[in-house]
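Please model the complete structure; the sequences and the hints are all you need to start from.
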Amino acid sequence: MAADTRPSAITGLDNLELGGLPQQRGAGRVARSAWAAAWPKLLAVALVLVLWQLVHLTGWKSAVLKGPTVVLPDLWGLMHHALLWQALGITLRRAVLGYALALVIGSVIGLLVARITPLRAAVGSIITGLQTMPSIAWFPFAIILFGLSTSAILFVMVLGAAPSIANGLITGVDYTPPLLLRAGKTMGLRGFNRYRYLILPASLPAYVAGMKQGWAFAWRSLMAGELLVLILGQPSIGVLLNNDQDLQDFAGASAMIIVILIIGIAVDSLFTTADKAVRRRRGLLEPGRAS
Amino acid sequence: MSMRSGRLTPKEAPGASAFPNLTIVADRGAEQAAAAVRVTEVSKVYGQGRGALLALDSVSLSVAPGEFVCLIGASGCGKSTLLSLVAGLDMATSGQIDTAGQRVTLMFQEPALFPWLTAARNVELALRARGVPKAERRARTLELLETVHLGGFGAKRPHELSGGMRQRVALARALAQDADVLLMDEPFGALDAMTRDLLHDELERICAERTLSVLFVTHNVREAARLGDRVVVLSSRPGRVIEEYDVPRQGPRRIDSREVSELAATITDRLREEMSRHGG
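Protein sequences appear in the order of chains U and V.
Residue numbers for the first sequence, in the numbering used here: 1 to 291.
Residue numbers for the second sequence, in the numbering used here: 1 to 280.
Simulated from the structure, these hints should not be mistaken for lab results.
Here the structure is a predicted model, which is why all the values come from computation and not from measurement.
It is possible that some hints are incorrect.
[Said to hold, decoys possible] With a cut-off of at most 30 Å between alpha-carbon atoms, the simulated DSS-like pairs for lysine-lysine come out as follows:
#1 U:276 x U:212
#2 U:61 x V:156
#3 U:41 x U:66
#4 V:134 x V:156
#5 V:156 x U:212
#6 U:61 x U:41
#7 U:185 x U:41
#8 U:185 x V:156
#9 U:41 x U:276
#10 V:134 x U:185
[Said to hold, decoys possible] Every beta carbon over 12 Å from chain U, so not counted as near; a handful from chain V, in silico:
#11 49
#12 149
#13 179
#14 229
Backbone N, C-alpha and C define an ideal beta-carbon position, used for all residues, glycine too.
Shown next, in the form of structure tokens:
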């Protein structure tokens with residue numbers, strides 16, 4: 001403490017109390033934490049491949065079931081095809097668009113419901129009801145409304161994801177610690193400032209958890225939509241998977257499933273990272289835990 | 001619930017004669033003119049009908065400008081309720097609370113810092129809330145953190161600080177509100193004795209540097225005797241003022257000094273007497 005010229009007992013006590021904290025930094029630490037995060041996933045992949053190969057070796061459904069030694073090269077070949085990347089582009093564009101819509105709509109509804117008490121009882125139960133609805137059941141309804149179009153898919157994605165996002169936000173606002181609300185009140189935080197500097201930041205962890213759950217629903221709705229709503233001239237991941245089904249192409253279908261899994265896991269891990277970053281900043285994570 | 005007037009007439013406290021600095025206050029009429037906080041016959045009832053609980057019964061007390069008043073009582077005496085009422089966080093059932101239009105701020109037993117903000121940002125938010133321009137905020141924040149000896153810790157988040165340090169950030173945040181009246185609700189109750197002693201010194205120094213009127217709630221008799229210019233004793237269920245002790249200030253005190261111990265013993269006796277009333 002260079003700023004303080006008076007040596008005092010209290011600063012001495014501070015140094016004693018904080019002295020024991022280990023401060024690891026640098027490349028070694030980054031590499032270690034990357035490895036700690038990676039090895040369970042690598043192990044999981046290896047396990048799946050071994051099991052798959054074992055099933056293949058038993059000869060069960062041998063007419064159609066191919067082993068990883070066939071499927072993986074097939075996937076490799078597919079990756080050198082423009083078609084896969086075009087399909088991936090279309091699917092990801094829909095994912096981003098649908099999720100963004102769900103995020104905006106879910107957040108607005110969540111904020112309104114959290115703010116306006118009379119809305120709470122009514123809209124609260126609608127949100128809970130919507131969450132129990134399997135998204136695939138919405139498709140006939142969506143197709144009647146929008147026809148076989150991207151809009152139908154986006155509509156179902158929003159219905160699937162927005163309730164989770166709204167719920168996360170409402171939970172966060174509801175569980176803002178009363179002590180912090182009192183502190184805000186004595187500080188004179190009112191109206192917009194109260195939301196901007198207290199309630200919204202306080203609800204961030206629950207909001208991020210809601211967004212993460214919302215993504216899972218959005219991605220499932222999107223895949224279901226792409227298998228049901230086939231649009232000419234728009235090759236998507238779902239369309240490719242559907243083609244493989246029609247052609248009885250086991251290797252192709254397996255390759256597409258791997259692609260879908262990878263995207264789902266990758267985006268999910270982005271949310272997990274965001275979630276952890278939020279919690280770490282607030283001291284909600286145990287310091288010693290890497291994963 | 002009848003509205004009885006005023007506080008009970010103070011009795012001769014046991015052991016008072018052994019303590020020459022101690023005077024028992026019967027009439028504070030002289031100070032009525034310029035009180036920073038005046039609480040007049042305030043009662044607070046929680047609930048309604050048969051389940052109603054009388055938390056405060058016709059409590060009257062005042063804090064003079066620059067005075068440090070400690071409010072002490074056993075559990076359930078409504079100490080915290082009284083502070084909430086003065087802070088305007090809750091409404092009194094009857095009676096008047098007058099803070100003469102001054103800024104009042106409240107500090108809690110927990111630091112109640114915003115965990116997503118750094119120590120400096122926590123202090124700065126209080127400045128922002130009362131409209132201090134951005135250009136001034138940085139310098140004021142650093143100044144306040146240095147006041148509580150945390151100049152080098154502005155970038156730390158609350159969870160990275162010790163309990164005592166967090167409570168000092170909370171004190172800096174309370175000071176940032178530039179209040180005339182500081183209400184403190186057992187602010188050091190959760191800290192270890194060593195840290196608490198040091199914080200008493202800090203608080204004494206900070207109050208000496210500015211004209212703060214302080215109403216300090218505690219259940220720690222020694223703490224009250226150590227810090228107060230005046231110690232007000234509340235009875236329990238319902239809370240009522242039963243005794244006031246003036247403690248003339250002759251320079252900084254120590255918690256282990258003879259005067260503090262003697263006053264603490266006197267107050268403890270009075271509190272025990274009050275508790276035995278509930279025992280039968």
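Hints versus structure:
{"no.": "1", "hint": "U:276 x U:212", "in the structure": "holds (12 Å)"}
{"no.": "2", "hint": "U:61 x V:156", "in the structure": "violated (61 Å)"}
{"no.": "3", "hint": "U:41 x U:66", "in the structure": "holds (23 Å)"}
{"no.": "4", "hint": "V:134 x V:156", "in the structure": "holds (21 Å)"}
{"no.": "5", "hint": "V:156 x U:212", "in the structure": "holds (28 Å)"}
{"no.": "6", "hint": "U:61 x U:41", "in the structure": "holds (28 Å)"}
{"no.": "7", "hint": "U:185 x U:41", "in the structure": "violated (47 Å)"}
{"no.": "8", "hint": "U:185 x V:156", "in the structure": "holds (24 Å)"}
{"no.": "9", "hint": "U:41 x U:276", "in the structure": "holds (18 Å)"}
{"no.": "10", "hint": "V:134 x U:185", "in the structure": "holds (21 Å)"}
{"no.": "11", "hint": "49", "in the structure": "holds (25 Å)"}
{"no.": "12", "hint": "149", "in the structure": "violated (5 Å)"}
{"no.": "13", "hint": "179", "in the structure": "violated (9 Å)"}
{"no.": "14", "hint": "229", "in the structure": "holds (23 Å)"}
Violated hints, listed in ascending order, are 2, 7, 12 and 13; each of the other numbered hints is respected by the structure.
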